[in-house]
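Engineer: Sequences listed follow chains A and B, in order.
Each residue of the first sequence is one higher than the one before, starting from 13 at the first, in the working numbering.
Each residue of the second sequence is one higher than the one before, starting from 13 at the first, in the working numbering.
Some hints could be false.
Repeated chains share a single entry, so a pair holds when one copy, or any two copies, can fit it.
To be verified - Okay, derived cross-link-like pairs now, SDA-like style, lysine to any residue, Cα gap no bigger than 25 angstroms in a straight line: (1) K67 to I190; (2) K67 to N23; (3) K201 to Q101; (4) K48 to P163.
Bear in mind the hints are in silico, worked out from the structure with no lab data behind them.
Keep in mind that this is a model prediction, so the values were computed, not measured.
2 protein chains.
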Amino acid sequence: MQKRDTHHHGNLKSELMALALQAARAGTIEDMSLRKAARDLGVSPGAIYRHFADKDALLRAVAQIGFDELATAFETIAPFDTPVATAQQARKRFLGLAEEYVRFSMTHYGLWRLMFGPHGVGTSTDPIGRPSTYAWLQRALDELHHTGVLPAPAGPADQFFAWSAIHGLADLQASPVIRTAPLTESVEKQVTLILRAIGASLP
Amino acid sequence: MQKRDTHHHGNLKSELMALALQAARAGTIEDMSLRKAARDLGVSPGAIYRHFADKDALLRAVAQIGFDELATAFETIAPFDTPVATAQQARKRFLGLAEEYVRFSMTHYGLWRLMFGPHGVGTSTDPIGRPSTYAWLQRALDELHHTGVLPAPAGPADQFFAWSAIHGLADLQASPVIRTAPLTESVEKQVTLILRAIGASLP
DNA sequence: GCAATTTGTAAACAGTGTTTACTTTGAGCC
DNA sequence: GGCTCAAAGTAAACACTGTTTACAAATTGC
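Working from the sequences, and respecting the hints, build out all of it.
Structural biologist: Right under this line is the structure:
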């Protein structure tokens, strides 16, 4: 993989993060060692410390990328700037976001744990600490209201309820505690129940 | 702390688990080292391997204890064998269980992560992998039905929905992503919405 | 083209999980 | 009580790890 025969590597930082991200996706991030990463990239162990203060800093950066990736996935499912018109479309979007959230936790389990673990965005870039993915949920709920599925706009409590219900599903499905995964089927039921909880008129 | 001046320690296994459990409660379990634990207990590093195959085995055992502790807490809140008669009592029990679940995740964060992480009860003692704490939730929902709060008995989908909604709340509250914790207040709202979702007649 | 800064190296330090060979201890049995 | 024997400890080594330090090479800006 290494192509540099000169002293300098050039773009160590990005390649290091790519490697860590790959490990995080595979779920082996906790076992990843800086020395092995340096070895794989054909670089000495100390070189890493020119780009990250310590291992935790690397993990924090990777967790941040995880949120970015999730946001990107959301964007392709439900483009933020192109609103939706019909009730059915709004429902489909909301379901799609929930499905993607669960799929993300199951397919990128290690990264998922990193994102919501101690290396999450505690005091990172975002001062509030609230990842921007939350904005998509708010938007989807707004659309459900504007298309008449929800008789009243979803307040903060409703938003948080919806988020944590989907989050709990995602976390339990990905966890080894629950391995019998009905996948999309259970997501659909879950979403139906969420909408009923916050007062939706069901089809 | 060590009181044995003889060669044998006697009850190393239990003291080791107690130490690990203490670290897990404090959230420093991932940083815990076997060597330091051995040092604290006045024992050589190798001695641990007479009681646990490796570090992961220790962590698995600690995670199992976590579930036991949660079950114990549930038992004091809602004794399994003494059913409840009135709708108000049933509602109070359900709310109490939910609150305890969230409190557990927030006060024993490290242990919580261990329990639902890779060291959870995947292929551990319980063949199904379903911790017995799930039984309390089922029981509480049954009581809600028998006392008339729920018009119909809660099916598996409803049970799982209730669990994951509470689980998501617990996980998000404990996570560094969300640090603004309204605590019991939000639990009450959450429970109300859960009950509404599965068809409860609200007071 | 030269100075200064960035980015790498090499070697060391302290600490880790784990294995191996060996010793001590306690329990069970005639 | 002595004898055996398995259980439960030790000591030393192995192969790692994250991190720091002093130094060297490459890149950049003037």
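Engineer: Give a verdict on every hint.
Structural biologist: Each hint, compared with the structure:
For the homomeric pair K67 and I190, the shortest alpha-carbon distance between copies (23 angstroms) is at most 25 angstroms, but the shortest distance inside one copy (31 angstroms) is not. Only within a single protomer do K67 and N23 lie at most 25 angstroms apart by alpha-carbon distance; the minimum there is 18 angstroms, versus 36 angstroms between protomers. In this homomeric assembly, K201 and Q101 come within 25 angstroms of each other (Cα to Cα) only inside a single copy, at 18 angstroms, whereas the closest approach across copies is 29 angstroms. Taking identical chains as interchangeable, the C-alpha atoms of K48 and P163 are never at most 25 angstroms apart, the minima being 56 angstroms within one chain and 59 angstroms between chains.
In summary, the structure is inconsistent with hint 4 from the numbered list given earlier, while agreeing with all the others.
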